[in-house]
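Trainee: Given next are the chains, with one letter for each unit.
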Amino acid sequence: MTDAIRIRIVADQIEQLFQSLIKRDYAIFGPTVRDGAIIYDRIEDTSDLPRGVTDRQEAGKYSLASRPDQALFGYAIGPHSWKKYFHPARVKLFGASTDNGVFRILQEPTPPRQPTALLGVRACELAAIAIQDKVLLDGPYADEIYRDRRKEAFLIAMQCTESADTCFCSSMGTGPAVPVVAADITLTEIADNGNHWFLAEAGTPRGGEVLLELEHQPAGEADCLQVSTAVAAAGLQQKRRLDTTGLREALQDSFDHPHWDEVAKRCLDCANCTMVCPTCFCTDIEDVSDVSGDHAERWRRWDSCFTTSFSYIHGGSVRSSPKARYRQWITHKLSSWVDQFGTSGCVGCGRCITWCPAGIDITEEAQAIRGTVNHGNT
Amino acid sequence: MVPSPWVVRQVSKETPDTFTLVLDPPGGARAKFTPGQFSMLWVGGVGELPISISGDPARPESLTYTVRSVGPATQSLVSRQAGQTVGVRGPYGIGWPIEAATGRDIIVAAGGIGLAPLRPVIYHVLANRADYGRLTILYGARNPRDILFRKELAVWAKQPDTQLLSTVDYGGVAWRGHVGVVTTLFKRLRLQPAKTTAMICGPEIMMRIVARDLIARGVSGEDVYLSMERNMKCAVGLCGHCQWGPHFVCKDGPVFPFSRIASLLDRHEL
Amino acid sequence: MEIHSLEQIIAEHPFFLDLDPAYASLLVGCASNVRFEPGRYIFREGEEANHFYLIRQGRVAVEISPPHRRPIVVDTLIEGEILGWSWLVPPYQWRFQARAMEGAHAIALDGKCLRAKCEANKELGYELLKRFSQVVGGRLDATRMQLLDLYAAH
Chain A
1 MTDAIRIRIV ADQIEQLFQS LIKRDYAIFG PTVRDGAIIY DRIEDTSDLP
51 RGVTDRQEAG KYSLASRPDQ ALFGYAIGPH SWKKYFHPAR VKLFGASTDN
101 GVFRILQEPT PPRQPTALLG VRACELAAIA IQDKVLLDGP YADEIYRDRR
151 KEAFLIAMQC TESADTCFCS SMGTGPAVPV VAADITLTEI ADNGNHWFLA
201 EAGTPRGGEV LLELEHQPAG EADCLQVSTA VAAAGLQQKR RLDTTGLREA
251 LQDSFDHPHW DEVAKRCLDC ANCTMVCPTC FCTDIEDVSD VSGDHAERWR
301 RWDSCFTTSF SYIHGGSVRS SPKARYRQWI THKLSSWVDQ FGTSGCVGCG
351 RCITWCPAGI DITEEAQAIR GTVNHGNT
Chain B
379 MVPSPWVVRQ VSKETPDTFT LVLDPPGGAR AKFTPGQFSM LWVGGVGELP
429 ISISGDPARP ESLTYTVRSV GPATQSLVSR QAGQTVGVRG PYGIGWPIEA
479 ATGRDIIVAA GGIGLAPLRP VIYHVLANRA DYGRLTILYG ARNPRDILFR
529 KELAVWAKQP DTQLLSTVDY GGVAWRGHVG VVTTLFKRLR LQPAKTTAMI
579 CGPEIMMRIV ARDLIARGVS GEDVYLSMER NMKCAVGLCG HCQWGPHFVC
629 KDGPVFPFSR IASLLDRHEL
Chain C
649 MEIHSLEQII AEHPFFLDLD PAYASLLVGC ASNVRFEPGR YIFREGEEAN
699 HFYLIRQGRV AVEISPPHRR PIVVDTLIEG EILGWSWLVP PYQWRFQARA
749 MEGAHAIALD GKCLRAKCEA NKELGYELLK RFSQVVGGRL DATRMQLLDL
799 YAAH
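The listed protein sequences correspond, in order, to chains A, B and C. No gaps in the numbering here: position 116 of the first sequence is 116 in my numbering, and each next residue is one more. No gaps in the numbering here: position 52 of the second sequence is 430 in my numbering, and each next residue is one more. No gaps in the numbering here: position 102 of the third sequence is 750 in my numbering, and each next residue is one more.
Derived from the structure by calculation, the hints contain no laboratory data. Note that beta-carbon positions come from the ideal geometry of N, C-alpha and C, so glycine has one too. Among the clues, some could well be false.
[Unchecked claim] Rough simulated footprint, nothing fancy, chain B against chain C, three-plus residues with beta-carbon under 8 angstroms: (1) 721-729; (2) 790-797.
[Said to hold, decoys possible] Per the computed footprint, the stretches of chain A lying under chain B, defined by three or more beta-carbons under 8 angstroms from a beta-carbon of chain B, are: (3) 6-18; (4) 22-29; (5) 72-86; (6) 132-146; (7) 293-305.
[What the hints assert, rightly or not] Distance condition first, Cα-Cα at most 25 angstroms in a straight line; then the derived SDA-like pairs of lysine to any residue: (8) A:Lys239 <-> A:Tyr62; (9) B:Lys565 <-> C:Pro714; (10) B:Lys391 <-> A:Asp133; (11) B:Lys565 <-> C:Gly728; (12) B:Lys629 <-> A:Tyr62; (13) B:Lys565 <-> C:Asp797; (14) B:Lys629 <-> A:Arg51; (15) A:Lys134 <-> B:Asp644; (16) A:Lys134 <-> B:Lys565; (17) A:Lys323 <-> B:Ala640; (18) B:Lys629 <-> A:Gly315; (19) B:Lys391 <-> A:Ile313; (20) B:Lys565 <-> C:Ala764; (21) A:Lys323 <-> B:Glu647; (22) B:Lys565 <-> C:Glu655; (23) A:Lys323 <-> B:Asp644; (24) B:Lys629 <-> A:Arg90; (25) B:Lys629 <-> A:Val338; (26) B:Lys565 <-> C:Arg718; (27) B:Lys629 <-> A:Ile313; (28) B:Lys629 <-> A:Leu137; (29) B:Lys565 <-> C:Lys765; (30) B:Lys629 <-> A:Tyr312.
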């Protein structure tokens, strides 16, 4: 085992990270400002990053604001999660042609996929990727689409030094600190007045190779201390928390809890929470064909347990009421997910709170159920 | 997720709305399955459906499916002609406990189309008669013309140490058999509860009632098995649709021991 | 065929499983052996309900006749089962008709005779009611299930 590579990079030199990745033929995806939000998209250099911009989030609300400094990663998270790169929102499974009732799968050459580097992955998002790995790769059948996109991806994590109002990773044990081996490179940005730099740590040998190409200084103990203090402060800043102790059992035992009716009155069934959730993985299949029916395609697209068609069996939908659908979502996320995959399905990113048009807060709903479980009423 | 083109050997009508398809694998491959497993059957441009295998597990040269035609996708499936193809993925899922039930009395309780996924069990038990105790087949259909596999039922009834009890919910005067729901057949059952394994398939309400009746008569909940149905798209535990509490019906089932799912069975909209 | 006494037949019928022998001797005074040829009606809708039957052999259809259609069979009963409980509750009138589908052997128990004995011996009455409640409850369950029309195509 070699010594950990831990260096200090002046902010102006971070452009070199792009060059080093591009040289290795990576397509770089990272944060950029678009339509009033910080989203993830293809980026070419530091000018694409949301310099001096931050996000303000609360239940049902999101807006951007200027920062007093030039921080490049001075926001929490936006509506996108990285799952769109590994688990595409819509993807063709295959095409087939039919001749006299006999079909043939069309062999369509897939263009070679450029390896991807994801820049600015938050601790909660790394936890979400680890959860999707479990769900989509570790079962008896691996999802090949996910596997192909996931396996080569180069992950550059970004530790948070500030939390949004909707963040609760600290109580979920998923952040804000990034475990050192969780990514190829872990960065922390310190944008003190006039002193703007990054601490960079390598989590893998290939991450180390990239780092050593960049102009840097060795990171001193004081640098490391400043970073760990800033990251810890982001955790302490969090107002929301989700108490997971006994939560799995509490939700299991609360099937008939009256609170579900309360949530159902507010829930609009819009499925936003499932779309922005970095772990939600459900998909539906679309069959398309031309008029003659001779050419058929199957597409896979994200689905949501908030639609009535989701649970349709012959005769009707199993979860026909909004109440049943909300209950399914939160119970799956926080309870049956543990039974299925040995971990909660929630990482505390707070996206479902911010992007809920009704401002429904998963931490409040879980607590409302948990605090008043009626054990005789199951 | 890509289906193989299997060739339709034959489509035969079982009842006014139910058909049996026999499909041959491409390139003469062998088609092994465990009784109770299902495949995803795809018709291009129309859709894909989870369909239980209803044929003989000892005859792997083809796979047999019995389909009730109730919607556009099933209609298009049963309208296939011999020589045409159906896309097949699978077989998938956990089937009936035919190994664990060795040496035991077997009760097969079926309602309606639910007899189709149980027919492979009956074939298996009859082909390996010495490995099992008494075989009891309880079968309920809506009315006499909806009775599936009628000729075979008559043959099974005559097999050694085998009892067939069938009933219809609605009889006519010409119907010489029993009238009443399938649970009324229990009155006639000679049961050795401790050495009985029961396999039940039918509408969920019917399965619940039959399972609870058997348990009330002393059969252990661990020896009573049900085949569940939920929406399925991928059949391999990845799409999320078939979730039922902590279970993925497609890969943790479709066959479950009653004891494992008892607490979920009466949960409306779970 | 072995010859059994009426008392023995009653005591061995599943409906009277584990019945106190004292009650069996009380019941036998109201009992008689009956046979029905195939197709023969055992009772018809609206008639006075004076008996119930312990079926020993054969199959009996419980049915009802619409005015212009053939009768609808709602239940079939076989060996070991009970036919008829209208004798137990006013107005003591059959709601359905019963037809022997195959030649049927049964023990007929006289309802008037039993009602008198039950009035005189409340413990016997309670014992009989408990057993009939099970029969009636089971039929109610089965009827509800039938109403669900579980195998319908929707």
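Trainee: Confirm or reject each hint.
Mentor: Comparing the hints with the structure gives:
1. Check on the segment 721-729 of chain C: 7 of its residues sit with their Cβ under 8 angstroms from a Cβ of chain B, so the three-residue criterion for coverage holds.
2. Counting residues of the segment 790-797 of chain C whose CB falls under 8 angstroms from any CB of chain B gives 5; the rule of at least 3 is met.
3. Taking a C-beta to C-beta cut-off of 8 angstroms, the segment 6-18 of chain A contributes 0 residues in contact with chain B, too few for the three needed, and the coverage statement is violated.
4. Evaluation of the coverage hint for the segment 22-29 of chain A: breached, as 0 residues show C-beta separations to chain B shorter than 8 angstroms, against a requirement of three.
5. With 0 residues carrying a beta carbon less than 8 angstroms from a beta carbon of chain B, the segment 72-86 of chain A misses the three-residue requirement, and the given coverage is violated.
6. Counting residues of the segment 132-146 of chain A whose C-beta sits closer than 8 angstroms to any C-beta of chain B gives 7, which meets the bar of three, so the coverage hint holds.
7. Against chain B, the segment 293-305 of chain A contributes 6 residues with a C-beta closer than 8 angstroms to a partner C-beta. That satisfies the three-residue criterion, and the hint holds.
8. Taking the CA atoms of Lys239 (chain A) and Tyr62 (chain A), the gap is about 17 angstroms. The hint holds against a cut of 25 angstroms.
9. Simply put, Lys565 (chain B) and Pro714 (chain C) have alpha-carbon atoms about 29 angstroms apart, too far for the 25 angstroms limit, and the pair is violated.
10. At most 25 angstroms may separate the alpha-carbon atoms for a hinted pair to count; Lys391 (chain B) and Asp133 (chain A) exceed this at roughly 46 angstroms.
11. Between the alpha carbons of Lys565 (chain B) and Gly728 (chain C) the distance comes to roughly 8 angstroms, so the proposed pair stays at or under 25 angstroms and holds.
12. Of the pairs offered as hints, the one joining Lys629 (chain B) and Tyr62 (chain A) is violated, with about 40 angstroms between alpha carbons and a cut-off of 25 angstroms exceeded.
13. Taking the CA atoms of Lys565 (chain B) and Asp797 (chain C), the gap is near 21 angstroms; set against the 25 angstroms cutoff, the hint holds.
14. Taken as a hint, the Lys629 (chain B) and Arg51 (chain A) pair is broken in the structure, with Cα atoms around 47 angstroms apart against an allowance of 25 angstroms.
15. In summary, the hint linking Lys134 (chain A) to Asp644 (chain B) is not supported, as the alpha carbons are separated by about 30 angstroms, beyond the 25 angstroms threshold.
16. Straight-line distance between C-alpha atoms of Lys134 (chain A) and Lys565 (chain B) comes to about 49 angstroms, which puts the hinted pair past the 25 angstroms bound.
17. Annotation: proposed proximity of Lys323 (chain A) to Ala640 (chain B) holds, straight-line Cα distance about 23 angstroms (limit 25 angstroms).
18. Annotation: proposed proximity of Lys629 (chain B) to Gly315 (chain A) holds, straight-line Cα distance about 23 angstroms (limit 25 angstroms).
19. With a C-alpha separation of about 24 angstroms, the suggested pairing of Lys391 (chain B) with Ile313 (chain A) holds against the 25 angstroms cut-off.
20. A threshold of 25 angstroms between alpha carbons decides the hint, and for Lys565 (chain B) with Ala764 (chain C) the separation of about 30 angstroms lies outside it, so the pair is violated.
21. For the hint linking Lys323 (chain A) to Glu647 (chain B), the alpha-carbon distance of about 9 angstroms falls within 25 angstroms, and the restraint holds.
22. Between Lys565 (chain B) and Glu655 (chain C), the direct Cα distance comes to roughly 23 angstroms. Compliance with the 25 angstroms bound is thereby established for this hinted pair.
23. A distance of roughly 17 angstroms separates the Cα atoms of Lys323 (chain A) and Asp644 (chain B); the hinted pair therefore holds under the 25 angstroms criterion.
24. In summary, the hint linking Lys629 (chain B) to Arg90 (chain A) is supported, as the alpha carbons are separated by about 24 angstroms, within the 25 angstroms threshold.
25. Distance check on the hinted pair: Lys629 (chain B) and Val338 (chain A) sit about 17 angstroms apart at the alpha-carbon level, within 25 angstroms; holds.
26. Restraint check for Lys565 (chain B) and Arg718 (chain C): not satisfied, since their Cα atoms lie roughly 28 angstroms apart, outside the 25 angstroms limit.
27. For a cut-off of 25 angstroms, the pair hint linking Lys629 (chain B) to Ile313 (chain A) stands: about 17 angstroms separates their Cα positions.
28. Note on Lys629 (chain B) and Leu137 (chain A): the hinted pairing holds, with a Cα-Cα distance of about 15 angstroms set against a maximum of 25 angstroms.
29. Using a Cα cut-off of 25 angstroms, the hinted pair Lys565 (chain B) and Lys765 (chain C) is violated, with the two alpha carbons roughly 29 angstroms apart.
30. Taken as a hint, the Lys629 (chain B) and Tyr312 (chain A) pair is honoured in the structure, with Cα atoms around 18 angstroms apart against an allowance of 25 angstroms.
When held up to the earlier numbered hints, the structure conflicts with 3, 4, 5, 9, 10, 12, 14, 15, 16, 20, 26, 29 and fits the remainder.
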